[in-house]
Amino acid sequence: MSNRATNLLVPIISVLLGLLVGAIIMVVSGYSPIEGYVALWNGIFGDLYTIGETLRQITPYLLAGLAVAFAFRSGLFNIGVEGQLIVGWFAAAYVGVAVELPKIIHLPLALLAAVVAGALWGFVPGLLKAKFRVHEVIVTIMMNYIALHTTNALIRTVSGGGDRTESIFESASLRSEFFQNLTDFSRLHYGIFIALAMVAVMWFILEKTTLGFELKAVGFNQNASEYAGMNVNKNIILAMVISGAFAGLGGAMEALGTFEYVSSKGGFTGIGFDGIAVALLGMNTPLGVVFGASLFGSLKYGALNMPNEAGIPVEIVEIVIAVIIFFVASGYIIRLFLLRAANKKEAK
Amino acid sequence: MIKRKFGLGLSLMLAAGTMLAACGSEEDTSTENTGNGGDSGEATEESSNISVAMVTDVGGIDDKSFNQSAWEGLQKFGEENGLEEGDGGYAYLTSTSDADYTTNLNNLARRDFDVVYGIGALMQGAVEEIASQQEEQQFAIIDEVVELPNVASVMFKEQEGAFLAGVAAALMTETGKVGFVGGMEIPVIERFEAGFKAGVEAADPSVEVDSQYTGAFDKAELGKTTANRMYSGGADIVFHAAGGTGNGVFTEAKERKEADPEANIWVIGVDADQYDEGQIGDQNVTMTSVLKGVEMAVIEIAEKTQAGEFPGGETTVYGLAEDGIGLADSRGAIPEDVMTQIEDFKQQIIDGEIEVPETVE
Numbered sequence: 001m002s003n004r005a006t007n008l009l010v011p012i013i014s015v016l017l018g019l020l021v022g023a024i025i026m027v028v029s030g031y032s033p034i035e036g037y038v039a040l041w042n043g044i045f046g047d048l049y050t051i052g053e054t055l056r057q058i059t060p061y062l063l064a065g066l067a068v069a070f071a072f073r074s075g076l077f078n079i080g081v082e083g084q085l086i087v088g089w090f091a092a093a094y095v096g097v098a099v100e101l102p103k104i105i106h107l108p109l110a111l112l113a114a115v116v117a118g119a120l121w122g123f124v125p126g127l128l129k130a131k132f133r134v135h136e137v138i139v140t141i142m143m144n145y146i147a148l149h150t151t152n153a154l155i156r157t158v159s160g161g162g163d164r165t166e167s168i169f170e171s172a173s174l175r176s177e178f179f180q181n182l183t184d185f186s187r188l189h190y191g192i193f194i195a196l197a198m199v200a201v202m203w204f205i206l207e208k209t210t211l212g213f214e215l216k217a218v219g220f221n222q223n224a225s226e227y228a229g230m231n232v233n234k235n236i237i238l239a240m241v242i243s244g245a246f247a248g249l250g251g252a253m254e255a256l257g258t259f260e261y262v263s264s265k266g267g268f269t270g271i272g273f274d275g276i277a278v279a280l281l282g283m284n285t286p287l288g289v290v291f292g293a294s295l296f297g298s299l300k301y302g303a304l305n306m307p308n309e310a311g312i313p314v315e316i317v318e319i320v321i322a323v324i325i326f327f328v329a330s331g332y333i334i335r336l337f338l339l340r341a342a343n344k345k346e347a348k
Numbered sequence: 001m002i003k004r005k006f007g008l009g010l011s012l013m014l015a016a017g018t019m020l021a022a023c024g025s026e027e028d029t030s031t032e033n034t035g036n037g038g039d040s041g042e043a044t045e046e047s048s049n050i051s052v053a054m055v056t057d058v059g060g061i062d063d064k065s066f067n068q069s070a071w072e073g074l075q076k077f078g079e080e081n082g083l084e085e086g087d088g089g090y091a092y093l094t095s096t097s098d099a100d101y102t103t104n105l106n107n108l109a110r111r112d113f114d115v116v117y118g119i120g121a122l123m124q125g126a127v128e129e130i131a132s133q134q135e136e137q138q139f140a141i142i143d144e145v146v147e148l149p150n151v152a153s154v155m156f157k158e159q160e161g162a163f164l165a166g167v168a169a170a171l172m173t174e175t176g177k178v179g180f181v182g183g184m185e186i187p188v189i190e191r192f193e194a195g196f197k198a199g200v201e202a203a204d205p206s207v208e209v210d211s212q213y214t215g216a217f218d219k220a221e222l223g224k225t226t227a228n229r230m231y232s233g234g235a236d237i238v239f240h241a242a243g244g245t246g247n248g249v250f251t252e253a254k255e256r257k258e259a260d261p262e263a264n265i266w267v268i269g270v271d272a273d274q275y276d277e278g279q280i281g282d283q284n285v286t287m288t289s290v291l292k293g294v295e296m297a298v299i300e301i302a303e304k305t306q307a308g309e310f311p312g313g314e315t316t317v318y319g320l321a322e323d324g325i326g327l328a329d330s331r332g333a334i335p336e337d338v339m340t341q342i343e344d345f346k347q348q349i350i351d352g353e354i355e356v357p358e359t360v361e
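Heads up: the sequence lines are chains A and B, in that order.
Counting in UniProt numbering, the first sequence runs without a single skipped number right up to 348 at its last residue.
Counting in UniProt numbering, the second sequence runs without a single skipped number right up to 361 at its last residue.
Among the clues, some could well be false.
Each pair of labels, with its calculated beta carbon distance range [claimed, not checked]:
no.: 1; chain 1: A; residue 1: 30; chain 2: B; residue 2: 82; range: 20 to 30 Å
no.: 2; chain 1: A; residue 1: 134; chain 2: B; residue 2: 348; range: 57 to 67 Å
no.: 3; chain 1: B; residue 1: 332; chain 2: A; residue 2: 149; range: 36 to 46 Å
no.: 4; chain 1: A; residue 1: 28; chain 2: B; residue 2: 208; range: 24 to 34 Å
no.: 5; chain 1: B; residue 1: 361; chain 2: A; residue 2: 149; range: 17 to 27 Å
no.: 6; chain 1: B; residue 1: 147; chain 2: A; residue 2: 12; range: 31 to 41 Å
no.: 7; chain 1: B; residue 1: 255; chain 2: A; residue 2: 203; range: 50 to 60 Å
no.: 8; chain 1: A; residue 1: 315; chain 2: B; residue 2: 282; range: 48 to 58 Å
Keep in mind the hints are simulated off the structure, nothing from the lab.
Please read these numbers as outputs of a predicted model, since none were measured by experiment.
Even glycine gets a Cβ: it sits at the ideal position worked out from N, Cα and C.
With these hints in hand, go ahead and build the complete structure from the sequences.
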């Protein structure tokens with residue numbers, strides 16, 4: 001079988017298999033898979049409102065995915081995207097409520113605050129990794145908890161004992177009246193453009209700059225990079241800082257676009273962790289992240305409509321969505337299977 | 001071999017084709033259905049029956065406390081008025097994260113329910129946003145105030161019920177130490193804590209209160225470890241105001257009771273009568289529960305709406321005096337003489353002689 005045919009067949013088969021197994025699960029638990037998938041489809045593309053909300057959901061996934069992918073390319077496993085996103089969320093919301101400035105200054109300032117906060121949260125594990133070889137996975141996981149509970153405490157202080165900050169000033173908001181009118185009051189905001197711009201930025205850094213070349217080299221082989229005269233430690237720190245900055249910006253999307261405030265959280269948002277899957281689905285390339293985030297965001301958002309329209313319990317819906325993503329992610333197995341079959345045939 | 005593989009590919013394509021085709025045709029009928037749904041909605045309005053729906057927070061309708069009470073309220077209202085679950089009757093949607101609140105509220109509003117409830121303080125921002133966009137739709141929120149003409153707000157004086165729980169705990173403890181396990185550190189839960197502490201203080205100032213927040217409403221394992229620490233630290237009665245997290249407090253207490261049936265280990269439940277949660281063999285660790293009349297409040301708003309008096313823009317406050325807050329039947333766990341003292345305090349609160357603080361000093 002030709003290579004091209006395999007490339008085309010693999011994603012199609014994996015999605016179909018995912019849908020099929022998901023359907024079986026629905027049938028076994030006594031629900032109609034057709035109704036379920038129609039509800040899923042309508043939940044994603046049903047009307048302008050859902051399309052707007054789907055895009056809104058994709059926005060933070062894009063940035064979280066970029067953050068994970070960027071670190072991955074430098075050979076680092078950034079599990080701390082969640083925490084970096086939370087501090088970015090808080091920082092942007094804080095700047096949004098603390099001062100009132102002209103939009104042209106206020107909005108960039110709020111975004112910058114999120115970037116700096118996220119970068120700082122990425123800098124600490126980067127520094128520890130570079131200087132003391134502390135594994136970044138441990139540090140970033142722990143930094144997630146620090147981020148969660150520190151921001152909760154800060155929110156209490158800022159709001160005077162409440163559980164959420166005031167809504168941000170209009171001048172810091174990413175919301176757009178144009179989008180709201182277009183999509184029947186969905187929460188779609190200009191952040192989607194920022195996220196897409198960051199996709200281009202990541203591509204540019206990785207493919208067109210010396211820095212990107214060095215980062216990738218460090219990712220492939222640290223010893224070889226060092227031998228070639230690159231400063232490995234500097235590159236590790238930089239990779240984590242940039243990764244954290246992407247994640248912080250993802251938090252700003254929630255702070256300035258989706259919610260327009262920050263509220264204390266009982267647990268993680270999950271966006272950062274899903275970002276890991278988004279990055280891996282997209283094979284850690286900028287364009288791949290766009291596909292990964294679109295798939296993840298659409299399924300996550302569309303799934304909300306399954307209990308609503310088809311009456312399927314949330315738990316079943318979560319299993320079905322997980323199964324679909326599982327099969328998409330296992331594309332490699334299907335590819336292997338196809339290759340084996342092809343080889344066997346040739347042997348004969 | 002090559003033929004066989006092509007056969008497989010072909011059948012896969014066929015399967016895909018039929019599935020997609022099925023999707024297409026089903027889609028048509030489903031749009032028709034929604035059309036019908038709208039019609040039947042109008043029909044029910046004519047018969048003066050209203051439809052009600054609610055959005056849960058992340059706890060879900062089986063959290064054995066807050067959300068569950070609200071859902072039971074809707075079910076009861078539905079049964080009394082001959083409604084069916086679904087469009088034009090009563091329904092719920094579960095939120096899996098904060099970002100889902102607005103979507104779920106919006107989805108229910110679009111399905112033409114007459115009143116859409118946001119259950120829980122965490123939903124305030126979302127209710128405010130959707131209610132200001134959809135001015136024709138009636139909303140209700142529990143535990144927070146949204147100042148909009150199309151939102152009915154319901155608040156509870158949790159501190160009054162917690163005060164009585166504090167009195168009960170202070171009079172019943174044998175170790176002189178009791179515990180409080182909170183969920184997230186938000187004003188609602190702080191009212192429970194403040195009331196509980198004030199109650200203990202009023203009944204027996206020498207009793208020590210160990211107060212801990214777990215930071216979550218849906219983490220039973222955290223509730224269990226926190227309760228473990230408290231019981232190990234000498235507390236014998238733990239009051240929880242932590243939703244699903246509190247289920248872990250029950251688990252811990254039951255394990256201790258099972259290991260040593262003679263142990264003096266008690267839990268005070270919250271929101272609903274949690275007697276069933278505390279059952280272990282033929283013993284029970286639930287001393288009593290602080291009842292919060294979410295169910296009653298939900299029904300009352302629905303009934304008022306049905307009568308054409310939707311309390312939009314108003315805030316209804318339920319306390320001991322309104323019977324919106326109270327203690328559950330202890331089923332003999334609390335002896336008669338202690339009960340009389342609790343009743344005494346209750347009367348004083350109702351008469352306004354005791355003002356229970358809302359925040360911890």
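A quick look at each hint next to the structure:
At about 26 Å, the CB distance of residue 30 of chain A to residue 82 of chain B agrees with the hint of 20 to 30 Å. Take residue 134 of chain A and residue 348 of chain B: their Cβ atoms lie about 59 Å apart, and the range 57 to 67 Å holds. Separated by about 41 Å at the C-beta atoms, residue 332 of chain B and residue 149 of chain A satisfy the suggested range of 36 to 46 Å. Separated by about 53 Å at the C-beta atoms, residue 28 of chain A and residue 208 of chain B break the suggested range of 24 to 34 Å.
At about 23 Å, the CB distance of residue 361 of chain B to residue 149 of chain A agrees with the hint of 17 to 27 Å. Between residue 147 of chain B and residue 12 of chain A, the C-beta spacing of about 53 Å breaks the proposed range 31 to 41 Å. For the hinted restraint 50 to 60 Å between residue 255 of chain B and residue 203 of chain A, the CB-CB distance of approximately 55 Å keeps it satisfied. Against the hinted window of 48 to 58 Å, the Cβ-Cβ separation of residue 315 of chain A and residue 282 of chain B comes to about 33 Å, which falls outside the hint.
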